[in-house]
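Peer 1: Each chain is listed here by its residues.
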Amino acid sequence: NAGVTQTPKFRILKIGQSMTLQCTQDMNHNYMYWYRQDPGMGLKLIYYSVGAGITDKGEVPNGYNVSRSTTEDFPLRLELAAPSQTSVYFCASSSGQGNTEAFFGQGTRLTVV
Amino acid sequence: SQKIEQNSEALNIQEGKTATLTCNYTNYSPAYLQWYRQDPGRGPVFLLLIRENEKEKRKERLKVTFDTTLKQSLFHITASQPADSATYLCALYNQGGKLIFGQGTELSVKP
Chain A
1 NAGVTQTPKF
11 RILKIGQSMT
21 LQCTQDMNHN
31 YMYWYRQDPG
41 MGLKLIYYSV
51 GAGITDKGEV
61 PNGYNVSRST
71 TEDFPLRLEL
81 AAPSQTSVYF
91 CASSSGQGNT
101 EAFFGQGTRL
111 TVV
Chain B
114 SQKIEQNSEA
124 LNIQEGKTAT
134 LTCNYTNYSP
144 AYLQWYRQDP
154 GRGPVFLLLI
164 RENEKEKRKE
174 RLKVTFDTTL
184 KQSLFHITAS
194 QPADSATYLC
204 ALYNQGGKLI
214 FGQGTELSVK
224 P
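Those sequence lines, one after another, are chains A and B.
Residues in the first sequence are numbered from 1 upward in steps of one, following my numbering.
Residues in the second sequence are numbered from 114 upward in steps of one, following my numbering.
No lab work stands behind these hints: they were computed from the structure.
In this text, all values refer to a predicted model and were calculated from it rather than measured experimentally.
Where hints are given, some of them may not hold.
Stated by the list, open to error - Taking lysine to any residue and the SDA-like style, the derived pairs with C-alpha atoms no more than 25 Å apart in a straight line are: (1) K57/A with F159/B; (2) K14/A with G98/A; (3) K116/B with I15/A; (4) K211/B with P75/A; (5) K14/A with E72/A; (6) K211/B with G98/A; (7) K9/A with P153/B; (8) K14/A with G96/A; (9) K116/B with N99/A; (10) K176/B with L161/B; (11) K170/B with Y64/A; (12) K14/A with A52/A; (13) K211/B with V60/A; (14) K170/B with S114/B.
Chain B with its partners taken away, still in its complex shape (with noise of 0.2 Å):
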């Protein structure tokens, strides 16, 4: 069956230093793979999109990796800030528009 896979538990880390949460999926094929950030009692809001054919993506401190080979992507967030503190989620497109969530990694940054 086809599954998304995030690290359950939770990752504290010190201000300043780089975050990495992982995502690995099985039996899927997907053209893009995203990031989002959700805050307690928010709904999701869209971060980065990466492309099969893309190894790697940037935006400000943010960056995607994505390894087909492998099935994972990584995200990164360098220099941590405790404002960055939240649950990231990634998300595949799946067949015909259904577009399916991991459960999520909560980051912790402490100051």
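The shape of chain A in the complex, shown without the other chains (with noise of 0.2 Å):
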């Protein structure tokens, strides 16, 4: 099974340059995260999702952006890139919410320079 799948897994940036991160999952799963982890630290959420169509913020969403058109797909587009914005990115998917485990993807290593 491939679980949740995240593209690139390695990407540098210049400043002021765009990109989108990719995320399926193949569980067909409602629930789909999209986390930031900076070196010794937690997890951050930025956005998510509870069923197609259907986004909301997290914690820190602001220069990023989502969609949800398909249930397999949640790709994080990141518009004008910042130094700020280096750090790993780990996509996520639940199949509902506080009493189901969440599969994590290997996650994407982006820096900006």
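With the hints in hand, could you dock these two chains into one complex?
Peer 2: Below you can see the structure in the form of structure tokens.
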């Protein structure tokens, strides 16, 4: 089983460039999440979705956008990359609230120079 | 504001001892609390879930307690092994489906 797949695994961006981090899950989960993790820190929620067509802001949404046109895909868009967005990004999915575990992708390590 | 706090200082223990990690939260009324393990360079992996009406949950060498009055969960690893060395994160589901994590506690088990 593939589970949650993120691409790319690594990326270097120049300041002001744009990119999309891809996230796909094959478990038919309704809930999907994007987190960033800075060195030595926990996970900060950027955006989340409770189903296709529904997205909402998390703790640190500024500088990012998302869309959820299908159940499987939840891409994260960086429009104008800034050095402060250098981080490791994780995508996760779960089948429901609270009483179900979240499954994580392997992460995307992004450096903005 | 809502907060989830874990001890940010690394926990160093000797092999065979019991490791105890703490998760405190404020301004939440979670129905569930979860614990995850994260190894360097990897995504978190689910370990245990406990419901608000459960005082304690066990899985092999792992034990989790949940005190909704104190707003605290304790995570215990008994008979710890060097392979248990990792960062452990607690997480709560917020209203509307948000899954919020604490900052994690790094555990190091020395042989």
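Peer 1: Run the structure past the numbered hints and jot down the numbers of the failing ones, going up.
Peer 2: 2, 3, 5, 8, 11, 12 and 14
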